[in-house]
Every structure is written in structure tokens, then in C-alpha cells.
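Quick note, the sequences are listed as chains S and Y, same order. For the first sequence, the residue numbers in this note's numbering are 817 to 899. For the second sequence, the residue numbers in this note's numbering are 22 to 185.
Bear in mind the hints are in silico, worked out from the structure with no lab data behind them. Hints are supplied without guarantee of correctness; some may be wrong.
Quick list of in silico lysine-lysine cross-link-like pairs, DSSO-like style, CA-CA up to 27 Å [as the list claims (entries may be wrong)]:
no., chain 1, residue 1, chain 2, residue 2
1, S, LYS833, S, LYS818
2, Y, LYS26, S, LYS861
3, Y, LYS163, S, LYS838
4, S, LYS833, Y, LYS163
5, Y, LYS163, Y, LYS26
Some chain Y residues flagged as far from chain S (calculated, every beta-carbon gap over 12 Å) [unchecked claim]:
no., residue
6, PRO79
7, PHE87
8, GLU109
Please read all numbers here as calculations on a predicted model, not as lab measurements. From the three backbone atoms N, C-alpha and C, an ideal C-beta is built for every residue, glycine too.
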Amino acid sequence: MKRTAEEKLLNPEPGSKIAAAKEFGIDLTLLVENFRLTPEQRLEKLQQAMNSFEELRTELENHHLKKNDRRKTGDYADGESFG
Amino acid sequence: MIDVKRAITLMASHSVDFVVIGGVALSLYSSAYVTYDIDFCFSRHRDNLRRISEALAPFNPRLRGFPKDLPFIWDEGSLSHGSVFTLETYIGEIDLLTEVTGLGVYADVLNESVTFDLFGFVVNVLSIDGLIRAKNASGREKDIPGLRILEAIREASLDEEDEY
Numbered sequence: 817m818k819r820t821a822e823e824k825l826l827n828p829e830p831g832s833k834i835a836a837a838k839e840f841g842i843d844l845t846l847l848v849e850n851f852r853l854t855p856e857q858r859l860e861k862l863q864q865a866m867n868s869f870e871e872l873r874t875e876l877e878n879h880h881l882k883k884n885d886r887r888k889t890g891d892y893a894d895g896e897s898f899g
Numbered sequence: 022m023i024d025v026k027r028a029i030t031l032m033a034s035h036s037v038d039f040v041v042i043g044g045v046a047l048s049l050y051s052s053a054y055v056t057y058d059i060d061f062c063f064s065r066h067r068d069n070l071r072r073i074s075e076a077l078a079p080f081n082p083r084l085r086g087f088p089k090d091l092p093f094i095w096d097e098g099s100l101s102h103g104s105v106f107t108l109e110t111y112i113g114e115i116d117l118l119t120e121v122t123g124l125g126v127y128a129d130v131l132n133e134s135v136t137f138d139l140f141g142f143v144v145n146v147l148s149i150d151g152l153i154r155a156k157n158a159s160g161r162e163k164d165i166p167g168l169r170i171l172e173a174i175r176e177a178s179l180d181e182e183d184e185y
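The whole structure should be built from the sequences, with the hints applied where relevant.
Here is the structure:
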């Protein structure tokens, strides 16, 4: 009985490369999700992931900048502490 | 952060001879690996260098990590004098390579590639086997997760064998 790529990824055979990837820590459900997409959709998803990380990075940078500015000026919000 | 669609369509619409390698190629094969640049292996043929130069010129390519005030001339002459260019451009980070460790120069990489229909163009992308060979040859620790993913994808894609 032949198994689809999705079935193989969701139920890897012991000793297989798929099982090795799972043991290594690769989330195979993400591969399954992407298998269902067209190549262009996979690139769109990649771009969305990049955009999200970039937004998060920018927010963290701005947060650190504001925090440093407040440290310099002593303008802390009530109850805020710097750990 | 690279604009993937724009980078690919830019190269393809200028008829550049290139192969998509690296993290974007992994994504095309279903990897959830997130990369921030795009890697192209390119032909060093003189006409191709001119096409690359023209394609990227409007996006102010500069070498990443170099001082902003350091003069850098972007033209086919500059491209002919190097084998690896790690560029920052207005559309993001683009790495251009004339050869790939474990595979060889552009012609070898092209032989190891398959085609994808992307954004209205037929685009050469390094095959899963080619990516595995390149990652094995690189010997870099950071490539190990990608290698595991590719091996799993290759195994999952094999559909001829009876599994039981």
C-alpha cells in the first residue's frame, strides 16, 4: 500500500530520514502544511514570515530606544521597573 | 529583508541566466525555514554580467557591511572581478555566487536544477538533491537543520516504493 507524502510525514517509519528529522526537532506538521500549497503560495508565506519578523524586530528596537531614553531622562512610568 | 517576488521577477525579466539556491529554494520545496536574503548562482558570461548589472542598478546595490562612504562601482566590470557578492539593495539583501561548494560553477549548478513556474516566468531552482549535496559539502553547523528538512522532504516525495 502506497502512502502519500503527507501520510509519510505525519507517521514516519522508524529509522527513516523523516523520523530522523522529527527526532532532530523539525516540526513536520509545518512541512505538511506547506506541501498543500503551490510554490508561489510557499513564497508568499515566506514573505509574510519575513515581514512579521521584521515588524517584531523594529518594535523591539524602538522599545529599547525608548527605554534607554527614559533611563537617561529619569522619566519612568508609574510602577515600571527595569530588570 | 528581501522582496522575494521582486528579486526573482527582476532577474527573470532581464533574461539573466541564474539558478535560485539557498533558503528561498528550500521554501519552494515546502521548508518552513525563514531566510532574509535570496541567493542566486549566476553565469559569468559577459552578456549575463551586463544583464545582472542593468537589472539591479536601479536598486543601488552595495556590498553589505562596507562603509557607506566607500566608493563602489556597480557594473559588469565589477561583477567580472569577483565570485561572491553579498549585496544590500533597495529591495533587500541579494547574494550572487558564481559557484556553489560541492557542485561547481554555474553550468554544474544549472545541471542540478529543476524549473518552477513563478510569477509568469520559468525559473531555475537547485534540485533537492543538489541542495543536499551543497549543504553536505559546506560542513557548516547552521546548515544541519536545512539538511534534515531536505532529506525528509526527499523521502516523503518518493512515491514509487511500496511502504509496507
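Here is how each hint holds up against the structure:
Between LYS833(S) and LYS818(S) the CA atoms are separated by roughly 17 Å; this keeps the pair inside 27 Å, and the hint holds. The hinted pair formed by LYS26(Y) and LYS861(S) meets the criterion: a straight-line CA distance of about 12 Å does not exceed 27 Å. A C-alpha spacing of about 17 Å is found between LYS163(Y) and LYS838(S), which places the hinted pair at or below 27 Å, so the restraint holds. Among the hinted pairs, LYS833(S) with LYS163(Y) is consistent with the structure: their alpha-carbon atoms are about 19 Å apart, no more than 27 Å.
Under the criterion of a C-alpha separation no larger than 27 Å, the hint pairing LYS163(Y) with LYS26(Y) is consistent with the structure, at around 25 Å. At roughly 21 Å from the closest C-beta of chain S, the C-beta of PRO79(Y) stays outside 12 Å, upholding its exclusion from the interface. Residue placement check: PHE87(Y) keeps its beta carbon more than 12 Å from all beta carbons of chain S (closest about 22 Å). With a least beta-carbon separation of about 14 Å from chain S, GLU109(Y) lies farther than 12 Å from that chain, consistent with its non-interface assignment.
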